[in-house]
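Engineer: As given, the protein sequences belong to chains P and L, one line each in that order.
Residue numbering for the first sequence follows the working numbering, beginning at 1 and increasing consecutively.
Residue numbering for the second sequence follows the working numbering, beginning at 1 and increasing consecutively.
You may find that some hints are simply not true.
[Stated by the list, open to error] Covered stretches of chain P (chain L as the covering partner; in silico rule of three or more C-beta atoms under 8 angstroms from a C-beta of chain L):
1) 15-26
2) 170-177
3) 200-214
The set of hints was computed from the structure by calculation and includes no laboratory data.
For every residue, glycine included, the Cβ atom is placed at its ideal position computed from N, Cα and C.
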Amino acid sequence: MKTIKRIAGIIGFILIFLLLLSEASSLLMHKQIEGRWNMTAKVAGFYNEEPNSFDVLFFGSSHMYCSVDPAIFYEESGLTSYVFATQQQPLWITCHYMVEALKFQHPQLMAVEINMAANFEAPDYLDEGTNHSAIDPIPMSLNKLRMIYASVPKGERRYYIFNIMKYHDRWRELEKEDFVRSFEILTDPDKGYVRLEETAKKPVWEDVSAIKESKIASPKSIEYINKMIDIAEEEGIRLLLFKSPSNATPEEKMYYNSVGELAAQRGIEYIDFNDSLHYKKMGLDIETDFYDQRHLNAAGVKKFVPYFSSFL
Amino acid sequence: MLFNSFSYLIFFPAVVLLYFAIPYKARYLWLLVASYYFYMAWNPKYALLIALSTVLTYASGLLIGNENRLSGASEPGSRQRRGALFRKKLWVFLSMASNLSILFLFKYFDFFIDNLNRIIGRLGMELIDPGFDVILPVGISFYTFQALSYTMDVYRGEIYVEKNPFRYALFVSFFPQLVAGPIERSKNLLVQISRRHYFDYERVKSGLLLMLWGFFLKLVVADRVAVVVNTVYNDYTKYEGLVPVLATLFFGIQIYCDFASYSLIAKGSAEVMGFRLMDNFNQPYFAKSIGEFWRRWHISLSTWFRDYLYIPLGGNRKGTVRKYVNIMIVFFASGLWHGANWTFVVWGLLHGAFQVIGQITRPLKLRITDMLGIDREAASFKLGQMLITYILANFAWIFFRAPHMTAAKGIIRNIFSSWNPWILTDGTLYDLGLSPGSFWVGIISIFLLLCVSAAQYRGIRIRERFAGQGLIFRFSVTLCLIFSIIIFGIYGPGYSASQFIYFQF
């Protein structure tokens, strides 16, 4: 009897501890919930959407989330969609985002923006800020653990598994919203899209259409694109790899070409919208349609989305 | 690995679970493997050194034991007996010489060469360049002293000769107290290794609670006040008046919490597995004299010096002058034991001098108090004594913490160069590395520590009382302690909002 009581006590204690730990972690976690880059709200909002309610899912980094507005996309194609992306998201996180999304949605098409395949500066691991903003809003699961193992070097993974180790010092700056956390029950009205109104002064544009050479920036990215292709094949979902218009430099173009080659090898659709022909056809204007050198603004999105949907 | 590391959080439960799961006979071997793993987590090569110390003292035990047998079997005063006694002393000498030589080489060689070069330089001769660097292995001063105590205790016949080399190796390397004490005696720890330790739920809980309190003192108090101490001491020329005073008082708290917490975690870890380690700290800042301070501070070291240095030197049996000289020798050695730097030597000598001066002036003190009709048993008088002792101990800490003598002198000069009580109210305190919130968390924690210490000083056994309380109270307090460590502890990669602000995409 004593033993049973003790075991019950231990289990009870552990349960209360875990409950409090989870609550404290949510409270202290850094949240991006305001303004245009409210990535925490956008990622968490995805989980509050109706299951199996999207026809198309978009994945990728900032090049993704400021290139497609699901509202315009719906007007053009009649298809519902969500942009499930975070800033500078490396493709190994994108791959796990895909697994995560497929737990709740079964779209007809998945489109992956492959800008991060050209990220040659930090080939295997990205900085903490990038990793935390992509990983923190994802609820704990085996897939999240795999995401952490793929994205974070050994010795730092514990700070993502138990992110209170990272954020415990935030008690000094807690605000009302940290306690209320309304984003946990709300959906994102923009469905993951980040609207950028400003116009870049003078983006540089070079015609890179003729460049056929290819270079691999990060073998790890290629590995994870392959994995995404495998997932899509297994699930029987159409997959499209694309590069949104970003005034690519010749070097970037070569990195993108390596993804094009991989897609061709594996029989997957691939479009690089940086080719001058595409710019011309959608009527993209360097002077008015970019937020900065590499990202479309809202005006650009209005031209890009109708053109993009015609390919789908 | 450190106690306050993520690795220990995994290592310790794993070791304990397996420890209780395997048969009694194999348990000490498992602890030996775990202890070596624990030590090798710093640097696998260190294991060779501790193994060498173990072999040397183990062998000395066997040899001395052998001579004990021979001398016991022979006639008193016979040649055989004299030979045996001589060889016994020889083995003790060789064990001491070899172990202390290793300690000297790894801890004091650089210091020695530096000082030698200073003298040689003055004489205008060519400086010595040994051509290699020695890295100080973690905990070498602790386990060397522990191992040596065994040789001496066997010599004195106070402990049996341990025949089993693995049991003995565990005595030297027992992971809870391996790198920072308490420096155990074979009389206490070695005998426990051969005993059976049962799983006792109440004992395990009590050990875990002790560990938790240790983690609180380390992560919430010591590492927090350390921020202020480091800010001031690393840039000591910038601060004067009450700022270095505050930093020094904080250092007194830091080193106490750091060191005592290590001992508490060690004691708690051992207790979970059924071992009883000695108390290493007993409210030292409530001491009424420096002598008493040393009976309460790092007790395992001061008793080591008492038993193996002070008493062999003659202690207080050879007259007053010799007693004072012996005290100074012991505290010189203690200073040097704490670190190979003149600052530690001065710190040790100061503590020695405080005691000698205290004893010399004692008759005068008695006369004055009698003349003024002061009641020496009054609580207020005792409080005054505590305060003076506290100030003296903290003054000595300046030398302990200062990176070099010039810094120590600079800090003392700066303390007396200005009277600036406004720093307490004008926000200066919040510019010393801690935000206002964090600063006050520190102050509240110190107050909590003070309350706990005062209760313990008055003989209240807190853990026993706690265990007698109801479930809800115990759960609540334990969870509060855990979460104050998790939230207010100083650990982890740190967070700054700027890490998340990049609009360059």
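Engineer: Report the numbers of all earlier hints that the structure fails to satisfy, in ascending order.
Structural biologist: Violated hint: only 3; rest satisfied.
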